[in-house]
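Protein chains: 2
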Amino acid sequence: MKQDQKIALAQLIRRQRWAGLATVSVDGEPLAAMVAYAFAEDFTAFYIHISTLSQHTKQMLERPKISLVIAEPDKGAGDPQTLPRASISGDVEVIERDSASYASIKNTYLERLPASEQLFGFGDFVLFQLNPQSLRFVGGFAQAHSGTRVTLLECAKL
Amino acid sequence: MKQDQKIALAQLIRRQRWAGLATVSVDGEPLAAMVAYAFAEDFTAFYIHISTLSQHTKQMLERPKISLVIAEPDKGAGDPQTLPRASISGDVEVIERDSASYASIKNTYLERLPASEQLFGFGDFVLFQLNPQSLRFVGGFAQAHSGTRVTLLECAKL
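The listed protein sequences correspond, in order, to chains A and B. Under our numbering, think of the first position of the first sequence as 9, with each following residue one higher. Under our numbering, think of the first position of the second sequence as 9, with each following residue one higher.
The hints are simulated quantities; they were obtained by calculation from the structure and are not laboratory data. Among the hints, erroneous ones may be present.
Where chains are identical, the list cannot tell them apart; a pair therefore holds if satisfied intra-copy or between any two copies.
Under the rule of at most 27 Å between Cα atoms (straight-line distance), these lysine-lysine pairs were calculated in the DSSO-like manner [as the list claims (entries may be wrong)]:
1) K66 with K165
2) K114 with K10
3) K66 with K10
4) K165 with K10
5) K73 with K114
Input sequences plus hints: build the corresponding full structure.
Structure, rendered in structure tokens:
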């Protein structure tokens, strides 16, 4: 991935807060949902805070492999399939409330999503960390690039 | 689902054009991607036109069960997890270029996505029809409703 594409990917991740999520049921059926996300400054971790009442949360707990797609929103004109988007896939782990990292991840999350604070008081909400393994970035029409955790680390410096 | 929620769902589907897609690999791993979508007037079919060069297209051809999430875009303020979104899941079928319905579905697609016309001239693009089986509509915080193809039919009349 060239420097200008890495910059475009970093900007995309930083500008958006609302992403598509793909999970899989125990029967192997896909489910698409929407989640708010935050991320570690070096892009090595993405954070999701969602309710166990949701089907996708149950699926994440049962099959902790997910994919997140972050995209520029459609402006209602032109071809949306030329808009930049990135699919980030990997394993998720639950950040337990009594773990050493919970408070600092919660702070990182609330810096980007301050209006979500009250949800941290709800017993049914779980904080997940996505550890990216693979990446597919489409910068525009016929501009697709594959990458890994290392690519994300490089983008985060830009 | 109450009348006001059905109206909200119909408006969401009609206002957006750019949705999150969940597919599953042959190994059972989820993949999230973005696709433009169009739909039959009665909401019994959704149309996706994408390249076989994309990984999610390959997965759809191998495992024709998908989920599409249509959401209101984040405005960058407040809690995005209060925004309306709908997950529509079901089987997909390929609409072959020489089939009787291809031309009319292409027209339906291009009415909403006119800037995508040139892609119909590309040999690597495939037109898919999603036949909705299940539906999950979240109208706002703690306002989740389940539905089926029949719910969508009812919404389309509103």
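Hint check results:
{"no.": "1", "hint": "K66 with K165", "verdict": "neither (34 Å within a copy, 33 Å between copies)"}
{"no.": "2", "hint": "K114 with K10", "verdict": "neither (33 Å within a copy, 36 Å between copies)"}
{"no.": "3", "hint": "K66 with K10", "verdict": "between (38 Å within a copy, 26 Å between copies)"}
{"no.": "4", "hint": "K165 with K10", "verdict": "within (14 Å within a copy, 49 Å between copies)"}
{"no.": "5", "hint": "K73 with K114", "verdict": "within (22 Å within a copy, 35 Å between copies)"}
When held up to the earlier numbered hints, the structure conflicts with 1 and 2 and fits the remainder.
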